[in-house]
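Trainee: Sequence:
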Amino acid sequence: MTQMDIQLSNFNINRIRIFTALASLLLSLQAVYFDDILNRDGIMYLQMVEAYLAGGLIAARTIFDWPAFSILVAWIHQITPFSIETNAFITNSLLFLLLTDALVLISSIIVSSQRQLLIASILILCFMPINEYRDFIIRDVGYWAFCSLALYQFMKYMQTPSFSRATLWQAFMIIAILFRIEGTVIFLALPLFLLFNQPFTIAFKQLIQTYYLLLISSFIIILFVLTQADIVSAFSKLASIPSTYLNLNKYSEKLITSSEIIETQILNKYSADYAPLMVISGLLTMLVYKILKLFSASYIIIYLTTLNKKSTSHFPLYQKLLFYFFALNILILTIFLFKQYFISGRYTILALIGLLLLVIPRLCQNIERFWLNKDLWPLTLIGLALFYSVADTATLSNSKTYIKDTALWAAHNLPSGSRVITDDEFTFYYFDRESTAVSLCVKPIFRPNDFTAEHASINPYPSGFCSEEKATDYRNYDYVLVVEKKRHPELRAFLKTLSIKRIYYLENDRLEDGASVYQVIK
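The sequence shown begins at 1222 in our numbering and counts up one residue at a time.
Hints may be right or wrong, so weigh each one.
Pairs of lysine-lysine residues, derived as DSSO-like cross-links and limited to a Cα-Cα distance of at most 30 angstroms, are as follows [stated by the list, open to error]:
no., residue 1, residue 2
1, 1541, 1625
2, 1514, 1707
3, 1722, 1707
4, 1717, 1743
5, 1717, 1707
6, 1560, 1541
7, 1595, 1531
8, 1377, 1595
9, 1625, 1531
I should point out that these hints are in silico values taken from the structure, not numbers from a laboratory.
From just these sequences and the hints, can you work out the full model?
Mentor: Have a look at this one:
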């Protein structure tokens, strides 16, 4: 055992883990306390919880076909006195705690002093891409947390191969897959890293260990689900992977269609052959830009501050593994990008976590050096960057409370028995949960949108269908609840043509967006 190993074995890691856990809970509490309105996916997950509690797995599956997160929230709700929404936030806060703890554990393997581990903890806690979603109700946090825990166990397995480490790695990955199906790529591909770093005979034996639970559980699950139609239906997305993501014809057809648009609408006829190249390079550039942007200017500044300083990688094998982990996540993003032609910031978080883990040894070594040398200039710059990173996610620039407050006003002030129409998802959610004697119907007002289309096709929803009101004519209703945004002037112009009178209005002064309650003039 080297002196470095002895030093690492004597770390007081648990104190730093406790500090990180408490700080993570405080950050989540602050984010939830100052949250103004639920995220759109959060509303869907809460509706899935309600559907599961009312009608079981099949009812939840009719809303979304990967219901594990909502089932977890439902189970927690059944053993606590809190509301479904509160339990969802509690669940996410605990998952964020698991995530930050897992990242600290990984950092304890790749840094070389207790001071560096404390620095790594602070870098993790201040990381903007993670904190950005602390006030969201999303399943992704469970995916990030259990993938990170699985990565930690895999690194420990590489350090000391054992049956227990292999079992934990696989168990955590199976749980991660229950949150997001993309985990199957990491589950199948990460152990292949062993083939690149050891003789084949040793690597093959270790591969059997790191896959054994997958093989056994797959066989058991196949036998089990054949007799459980509810489970097959609820997780049907797993069976659709080959046709959805591995069908190369779909990718080529979409590329050809997009290339033809660029070829005919943009390029000169003599440059038509470059259309596919423009589509591919444009999409890849978008992905790179998204990664750099979401990594945040603060952390890019911190990295550049340490760039001209030498750093030594004491654990090159782990650095290679982390790069491989990062590359796998980039591969997942690339596949999704070429399938959908867009990328959500939320989908990049695990790749960004991999990138952060890649640079943490350099950052921690050099920040520690700045501290020991009392080098105030870079320390001040790094401190300001970290402060900005936390402050930016802790403040609300564009409050949407006007939507919530307008919906609540309408729920408590409109006459009993009134028939109300809305086409806004947030308005519907906050109005409907008040359980008033007012009949709220989800129908298009100006033109159909995603929410009204989905609401009309998905059953069961607890309310909002108003099946007796087949007509979309606003004159069949007594009141209209509508969100008016500056970027949609055509809606505001359309409302002026209707026989309605505004009786309540709240506005976001900065954006000039508002929510209105109109009375229908009959």
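Trainee: Now look at each hint and say whether the structure bears it out.
Mentor: How the hints compare with the structure:
no.	hint	in the structure
1	1541 with 1625	violated (48 angstroms)
2	1514 with 1707	holds (26 angstroms)
3	1722 with 1707	holds (20 angstroms)
4	1717 with 1743	holds (16 angstroms)
5	1717 with 1707	holds (15 angstroms)
6	1560 with 1541	holds (29 angstroms)
7	1595 with 1531	holds (17 angstroms)
8	1377 with 1595	violated (35 angstroms)
9	1625 with 1531	violated (52 angstroms)
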